[in-house]
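Trainee: With full-length UniProt numbering, the residue at position 106 of the sequence shown is 106, and numbering never jumps.
Mixed in with the good hints, there may be bad ones.
[Stated by the list, open to error] Listed below are the simulated DSS-like cross-link pairs for lysine-lysine, each with C-alpha atoms no more than 25 Å apart in a straight line:
1. LYS152 / LYS47
2. LYS91 / LYS136
3. LYS89 / LYS64
[What the hints assert, rightly or not] Just the calculated beta-carbon pair ranges, DEER-fashion:
4. ARG52 / SER84: 13 to 23 Å
5. PRO129 / GLU92: 16 to 26 Å
6. ARG52 / ASP135: 35 to 45 Å
7. GLU92 / GLU132: 20 to 30 Å
8. GLY45 / ASN82: 30 to 40 Å
9. LEU145 / TYR71: 35 to 45 Å
10. GLY134 / TYR156: 34 to 44 Å
11. SER118 / ASN153: 15 to 25 Å
12. PHE161 / GLU92: 14 to 24 Å
13. ILE158 / SER41: 34 to 44 Å
14. ALA160 / GLY90: 38 to 48 Å
15. ILE162 / SER84: 33 to 43 Å
It is worth saying that the hints were derived from the structure and are not from the lab.
No experiment lies behind these values; they were computed from the predicted model shown.
Glycine included, C-beta positions come from ideal geometry on N, C-alpha and C.
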Amino acid sequence: MDNLHGKGRRGRPRKSEVPVQHAQEEHMVLQSYADVVELRSFPFGRKIEMVRSGVSKDQLTRLKEIFGLDYDTLSVLLAVTNRSLHLKKGKERMNRGISDRLIFIADVFSVGYNVFGSREGFHAWLRDPSREFGDKAPLEVMDTLAGIEEVKNALYRIDAFIL
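Could you build all of it, start to finish, from the sequences and the hints given here?
Mentor: Following this line, the structure appears as structure tokens:
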């Protein structure tokens, strides 16, 4: 029995009601360093749509390359097993939790690339231990949402100091 909102018994939208992402748009989103740099300026709603539609394994692999991370590090940041990342293939989508965390992490990389002006400069900062993070590298604390947020806040402080 459908309710007033056109949802089935369990509150899920019918397959015909789930937004379909255009194939062309999928190939353009977060496929290059320049795309990640621009993520910082994406409207909130677009980021939410990216999470809801799910990040494909192809996109995840490309982001891993852009971020200069291996699967072991990426699995720690995404709070999943390495095997979970390897089981998906090609166009298969990650679940919402993984996609959400990945877009959140990509947003930090976008801010970092903008603040440092280069991939290399930001990647070096990410791996350099800092008193601000308890003598750990920023990348080491990004295994929690609080850590991800704190790294992003540190980048905003650096950006404000530079201006």
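Trainee: Hints first: check each against the structure and report whether it holds.
Mentor: Taking the hints in turn, this is what the structure says about them:
no.: 1; hint: LYS152 / LYS47; result: 16 Å, holds
no.: 2; hint: LYS91 / LYS136; result: 35 Å, violated
no.: 3; hint: LYS89 / LYS64; result: 15 Å, holds
no.: 4; hint: ARG52 / SER84: 13 to 23 Å; result: 20 Å, holds
no.: 5; hint: PRO129 / GLU92: 16 to 26 Å; result: 37 Å, violated
no.: 6; hint: ARG52 / ASP135: 35 to 45 Å; result: 38 Å, holds
no.: 7; hint: GLU92 / GLU132: 20 to 30 Å; result: 38 Å, violated
no.: 8; hint: GLY45 / ASN82: 30 to 40 Å; result: 32 Å, holds
no.: 9; hint: LEU145 / TYR71: 35 to 45 Å; result: 21 Å, violated
no.: 10; hint: GLY134 / TYR156: 34 to 44 Å; result: 19 Å, violated
no.: 11; hint: SER118 / ASN153: 15 to 25 Å; result: 21 Å, holds
no.: 12; hint: PHE161 / GLU92: 14 to 24 Å; result: 42 Å, violated
no.: 13; hint: ILE158 / SER41: 34 to 44 Å; result: 18 Å, violated
no.: 14; hint: ALA160 / GLY90: 38 to 48 Å; result: 41 Å, holds
no.: 15; hint: ILE162 / SER84: 33 to 43 Å; result: 38 Å, holds
The structure fails hints 2, 5, 7, 9, 10, 12, 13 (numbered hints given earlier, in ascending order).
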